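Novice: Sequence:
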Amino acid sequence: MANEIINTFRKGAGALGMSFGGEPAYVEVPSDKDLGLPKDQLRNGGNFAHCVKNDLKGRNFKIVVVLIPRDKDKAIVKRTLDSMGLASQFLLQSTIRSKLDKMGVITNIIRQINAKTEHDLYQLQPPAKMNQ
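Residue numbers (the numbering used here): 7 to 138.
Since the hints were made in silico from the structure, they are not lab data.
All values derive from a computational prediction rather than experimental measurement.
Hints may contain errors.
Calculated cross-link-like contacts (lysine-lysine; reagent style DSSO-like; alpha-carbon spacing at most 30 Å) [to be verified]:
| id | residue 1 | residue 2 |
| --- | --- | --- |
| 1 | K80 | K63 |
| 2 | K108 | K17 |
| 3 | K122 | K17 |
| 4 | K78 | K108 |
| 5 | K122 | K105 |
| 6 | K63 | K84 |
| 7 | K84 | K68 |
| 8 | K63 | K78 |
| 9 | K63 | K108 |
| 10 | K59 | K122 |
| 11 | K105 | K78 |
| 12 | K122 | K78 |
| 13 | K78 | K68 |
| 14 | K78 | K59 |
| 15 | K80 | K105 |
Now the in silico label distances, taken between C-beta atoms and shown as ranges [what the hints assert, rightly or not]:
| id | residue 1 | residue 2 | range |
| --- | --- | --- | --- |
| 16 | C57 | G23 | 26 to 36 Å |
| 17 | Q118 | D61 | 18 to 28 Å |
| 18 | Q118 | Y32 | 17 to 27 Å |
| 19 | G23 | H56 | 36 to 46 Å |
Just so it is clear, CB atoms sit at the ideal spot from N, CA and C, and this is done for glycine as well.
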C-alpha cells in the first residue's frame with residue numbers, strides 16, 4: 007500500500023507543480039501476528055514508537071508520513087517524532103485506502119505536508135499563458 011500512496015502523491019504533487027526532494031524511506035512495523043501477541047491483546051502505540059525511533063535514528067528527514075491502522079496509535083508516535091524534532095503527517099489506513107482515487111483529497115494532504123516543511127500552503131503553478 008505504501009508504494010501506491012507514494013505514486014499517487016507524486017501524481018498529485020506534479021499537478022500542483024511540486025516534487026519530492028528524493029526517494030522516501032520506509033519504516034516497517036511488525037504486525038500483531040509477527041509479534042506473537044494473543045488475539046485478545048491489543049497492540050499499543052509503543053511498538054510503533056520503538057520501530058520509528060530505531061529506524062529513523064541518525065537519518066535526515068524534513069517530515070515523516072505515518073500510515074497508522076487506528077487513530078489511537080497516533081499519540082505515542084507523534085510524541086516520539088516531536089521529541090526527535092521531526093514534523094509529521096498521519097494518514098489513517100482505512101481513510102487513505104478509500105480516498106486514493108480522489109485527487110482533491112490527495113492534493114490537500116500534499117499541501118499540508120508542503121506547509122509543514124516550511125513551504126507555501128498553496129504553491130501553485132500559474133497557467134502557461136500567464137508566463138508569456
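Novice: For every hint, state whether the structure bears it out.
Specialist: Hints and how they fare:
1. Under the criterion of a C-alpha separation no larger than 30 Å, the hint pairing K80 with K63 is consistent with the structure, at around 19 Å.
2. A C-alpha spacing of about 12 Å is found between K108 and K17, which places the hinted pair at or below 30 Å, so the restraint holds.
3. A threshold of 30 Å between alpha carbons decides the hint, and for K122 with K17 the separation of about 19 Å falls inside it, so the pair holds.
4. For the hint linking K78 to K108, the alpha-carbon distance of about 25 Å falls within 30 Å, and the restraint holds.
5. A distance of roughly 21 Å separates the Cα atoms of K122 and K105; the hinted pair therefore holds under the 30 Å criterion.
6. For the proposed pair K63 and K84, the alpha carbon gap of about 15 Å is at most 30 Å, so the pair holds.
7. A C-alpha spacing of about 15 Å is found between K84 and K68, which places the hinted pair at or below 30 Å, so the restraint holds.
8. Between K63 and K78, the direct Cα distance comes to roughly 24 Å. Compliance with the 30 Å bound is thereby established for this hinted pair.
9. Among the hinted pairs, K63 with K108 is inconsistent with the structure: their alpha-carbon atoms are about 34 Å apart, more than 30 Å.
10. Our distance criterion of 30 Å between C-alpha atoms is met by K59 and K122, whose separation comes to about 20 Å.
11. A C-alpha spacing of about 20 Å is found between K105 and K78, which places the hinted pair at or below 30 Å, so the restraint holds.
12. Restraint check for K122 and K78: the C-alpha separation of about 22 Å stays at or below 30 Å, so the hint holds.
13. Our distance criterion of 30 Å between C-alpha atoms is met by K78 and K68, whose separation comes to about 24 Å.
14. Distance restraint check for K78 and K59: the Cα-Cα separation of roughly 18 Å lies within the 30 Å cut-off, and the hinted pair is therefore satisfied.
15. For the hint pairing K80 with K105, the CA-to-CA distance comes to about 19 Å; that is within 30 Å, so the pair holds.
16. Taking 26 to 36 Å as the suggested C-beta distance range, the pair C57 and G23 conforms, at roughly 34 Å.
17. Range check, Q118 to D61: about 23 Å between beta-carbon atoms, so the 18 to 28 Å window is met.
18. The beta-carbon spacing between Q118 and Y32, approximately 20 Å, falls within the hinted interval of 17 to 27 Å.
19. For G23 paired with H56, a C-beta distance near 38 Å keeps the hint of 36 to 46 Å intact.
The structure shown violates just one earlier hint, number 9.
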